[in-house]
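Going line by line, the protein sequences match chains Y and F. Residue 370 in the numbering used here sits at position 370 of the first sequence; the count goes up by one each step and never skips. Residue 106 in the numbering used here sits at position 106 of the second sequence; the count goes up by one each step and never skips.
If you're looking for bench data, these hints aren't it; they were derived computationally from the structure. Worth double-checking, as some hints may not be accurate.
What the hints assert, rightly or not - Across the chosen pairs, the derived CB separations fall in these ranges: (1) Y:Val210 to F:His143: 19 to 27 Å; (2) F:His143 to Y:Val345: 33 to 41 Å; (3) Y:Pro62 to F:Val154: 36 to 44 Å; (4) F:Asp84 to Y:Val295: 35 to 43 Å; (5) F:Asp90 to Y:Val172: 22 to 30 Å; (6) F:Gln298 to Y:Val214: 28 to 36 Å; (7) Y:Ala36 to F:His143: 47 to 55 Å; (8) F:Ala111 to Y:Val291: 33 to 41 Å; (9) F:Val37 to Y:Pro92: 48 to 56 Å.
Said to hold, decoys possible - Among the chain F residues that face chain Y by a calculated CB cut under 8 Å, a handful are: (10) Leu17; (11) Val22; (12) Gln36; (13) Leu425.
On a predicted model such as this, the values are computed, not experimentally measured, just so you know. We put the CB at the ideal spot given by N, CA and C, even for glycine.
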Amino acid sequence: MRPTSGTISALTGSLPLAEERASLRHVTGLRWGLLAAALLLTAVGLLTVASASAEMPTSYLPRQAMWVGVGLLLLIVAFAVDYRMLLSLSLPLYLASLAALAAVLVVGHEAGGAKSWLGVGGWRLQPSEFAKLATALLLARYLATTKERFLLPRQIALAALIALVPMALVVVEPDLGGAAMFLPMLAGVLLVAGVRLRLLAAAVLALALVGGLVWSFGMQDYQRDRVITFLQPERDPLGAGYQVRQSKIAVGSGEFLGKGYLQGTQSQLRFLPARHTDFIFAVLAEEWGFVGVAVVLGLYALFLLNGAEVAMRGRDRAGILLVVALLSGTAFHILYNTAMVVGLVPITGIPLPFLSYGGSFMLANFLSLGILLGVDFRRFVNR
Amino acid sequence: MKVGEHREALVERVRLLSQLFVALLATIAACFWFVQVVRGSHYRGLAENNRLRKVPIRAPRGIIYDRGGRALLENVASYDLLLDPTRTRDLEASLGFAGALLGRPPEELRALLVREQAAGAGLGPVLLAQNLRLSDVARFGVHSLEHPEFEIEVGHLRLYRHGEQTAHVLGYLGEVTATELEAADGAHDSGELVGRKGIEQHYDAELRGAAGQRVVVVDSRGRLLEEHLGRAARPGSDLRLTLDLELQQQTERAFAADGKVGAVVALDPRSGAVRALVSSPAYNPNLFTRRLAPEEWQALITSPHHPLQNRALQNTYAPGSVFKIVMAVAGLSERVVAPGDGIYCSGAASFYGHRFRCWKRGGHGRVDLHAALRGSCDVYFYHLGQKLGIERIARYARLFGHGERTGIDLEGEKSGLVPSPGWSLAVRKHPWYPGETISVAIGQGPVLVTPLQVATLLAAVANGGYRITPHLVPAAARPAAKLPLDAEALARVRHGLWAVVNERGTAAQARVEGLDVAGKTGTVQVVQQKTWTESRDLPYEQRDHAWFASFAPVRDPGLVVVVFVEHGGKGSAVAAPIAKVVHETYFRDDLRAHRQPAAR
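The whole structure should be built from the sequences, with the hints applied where relevant.
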């Protein structure tokens, strides 16, 4: 994909005047590593979704391909629109997403025990995925206003409020996995924007406190069950521990080279639940073995390092913080999901970026990717 | 809005953050390495087990035939409903579904499930219902997708064609218990049926055969994807019994018709082959082919007459006057009495300061051995008992097999009791009273026998002094052991027993025209009576036991028949007519041949 200066300038009207410099940058300015890693991961995702749903009544491949197609369009749009415009629109976007989250609670569709879907036309979308983007935008914009080396407590509190309001709305859906992603996003921007060490310690304490409160009052029985089961999986090997056990069997039985594409017994024989969504990485690990796992984790490392490079090359505080917020959220998804599949952390509905089946999540990831590429592309412009 | 002077710090923190991400990714990769490469083969094994399931193939159980080759039972197919509680997420919903289809309350099914699991079946599938109608099988099949926890298993049910008539011979089947499973060390599968009583129990290993094994590949819903035969089942062996079905049925009808309680044993005195074995009351073994409800089981075991007891060999009774056979053989063999020696019976005699009465109020007058057997004179045998002494009586009783199991191929046989002074000191902790010898001489007192033991005694008398081993399967026959008995004495006793039936003796009612039946009646007092009371006027549990032990024909004995009626009253009136029916049935062909020329 090689955008020409004409189309881009026509779309945004904000390209630099120095035509000669710009034409060179159009080619080299694109973060190819980031894009390549994301597209390769998406391709792996399509392959794996096809395998995971091969034995299902309906294949999820065509739908996932459709989401990828729409996602690529959104990628181009997000890349083309100047992120500064998005930042300036961040407050209305944020408020709109809060409204959508509230609407979900009233008129949303329920699936898997959580009311998290909103019907838009013929589609069902998860407002929480888009709320994360809007929150990232508002956080970046707000924290970019300071000139200080370290954030003031007041600023930290307000930033926390920005993240915690949508998070609270997602918690009550209840979708713990979806809500959890707001925290790493907040933590990421705060850390990079500058937090004093003692404040960090206080935040960790506060987090522990909130965690305790959530455990006591904010969680459904099935959610508490999952955590307890994670701590003692042998307690209930056929009830709540079933998923952990089947996932570990799938991963482990893949051994070094894997059982081969479409040959995974755990997935093809339907032992593995949610294998096209949250546990897609288990399918991949079973069929492609450690080799496949290493390749995909390598692609994620490439994606994250390239994303970090975008931030480090940025000249504009808001852009850097925006990249950090988006990247932190994605990194959390990657780390948590893979750790969950291999049995390191309790099971929560946190999908794997670019691999897991899921429309809103796919769209949000491509939007986020477009913003990252756009920030990088305009690093010499927005100083 | 520029980054300004703090940009370096920002970049440094972004770099730190990205390094943290990569370090965490590397940690996770290391975990995958551990699970997939270090522990890979472990999980590979678990995955194999996940999809491979070993399913036993039940071997058809052997069929049991009578001596004429008539099948006494058959195997019929049965559709059983199994519930695997580990494969349902919502047990209540599953039970509700099954309850609705079966027309049974879900609570009842739940109680059944709890009981079965407590019984030790553990996590495996639990049998919820047996012998489903085909329409029910189809309905469960239709819902197999929503309810993968239910399985229909095709099993074999034992159908005992003659029900109660052969119950005590054949026994029944029951599901293997948890302790048996453990003890068998792999020889049994959970849920397997094993013989519980009778031939089914004794020959369980032969009848059962060996289960085979199918290996099936299933998905997580248990749906069958592929199937491989691991090992074919080896069907159980068929058994042919020595039993004569027609004789068994006639005997059972003659005995149990009016609700008599007791037993009949009919066997060939030359080999010990059992031709009929009836114990009454019996139970319907077909009840056990489906699972008994606890109430039904309770009813069976608390029934006042204990229908599960095989009275032919599991209960012991005083032999009464039947014991006089042992006394007569002992007296003659020991030459304590001569055949012509007489004694005067006035209706009672005194021994050791006690008065012992004869059953006949007026007495028998002067009797020798022959007359004493024929009239069952108690006084004669009191004197004989006194002369022999308890030790010699006990020796002869043991010689005939009293006090030990006959060795029949059925479980649970009792050995009875031959009392002696040594036994008295060791068990009762008091010396033998001489007066007890007088009681034992007429089969009262502590001596206890089973009807089957009496049959071996009669067989030895009939066959000229060989101790046989009663058996139901020809392969269980043992060579008869020659007893050190005087052949002359045995012949005289046989003649005396012939007189009991044919010379207006106590068992004239057993007389069969054209057949020389010999036998001995016995009437056992259950309670010590102060006055002469007719037994039928007493309450049931105080009435006398009735015995009649017989064989025929006298010259070349072919059948021993022992009839015992618990609280039946007089042996002569109650037991002897039944024996007559048995002899008539068994020798029907000879009798017809005998009568036809006469009719011509």
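Consistency of the hints with the structure:
{"no.": "1", "hint": "Y:Val210 to F:His143: 19 to 27 Å", "result": "violated, 46 Å"}
{"no.": "2", "hint": "F:His143 to Y:Val345: 33 to 41 Å", "result": "holds, 37 Å"}
{"no.": "3", "hint": "Y:Pro62 to F:Val154: 36 to 44 Å", "result": "holds, 42 Å"}
{"no.": "4", "hint": "F:Asp84 to Y:Val295: 35 to 43 Å", "result": "holds, 40 Å"}
{"no.": "5", "hint": "F:Asp90 to Y:Val172: 22 to 30 Å", "result": "holds, 26 Å"}
{"no.": "6", "hint": "F:Gln298 to Y:Val214: 28 to 36 Å", "result": "violated, 55 Å"}
{"no.": "7", "hint": "Y:Ala36 to F:His143: 47 to 55 Å", "result": "holds, 50 Å"}
{"no.": "8", "hint": "F:Ala111 to Y:Val291: 33 to 41 Å", "result": "violated, 54 Å"}
{"no.": "9", "hint": "F:Val37 to Y:Pro92: 48 to 56 Å", "result": "holds, 51 Å"}
{"no.": "10", "hint": "Leu17", "result": "holds, 6 Å"}
{"no.": "11", "hint": "Val22", "result": "holds, 5 Å"}
{"no.": "12", "hint": "Gln36", "result": "holds, 4 Å"}
{"no.": "13", "hint": "Leu425", "result": "violated, 62 Å"}
Hints 1, 6, 8 and 13 from the list above are not met by this structure, while the remaining hints are.
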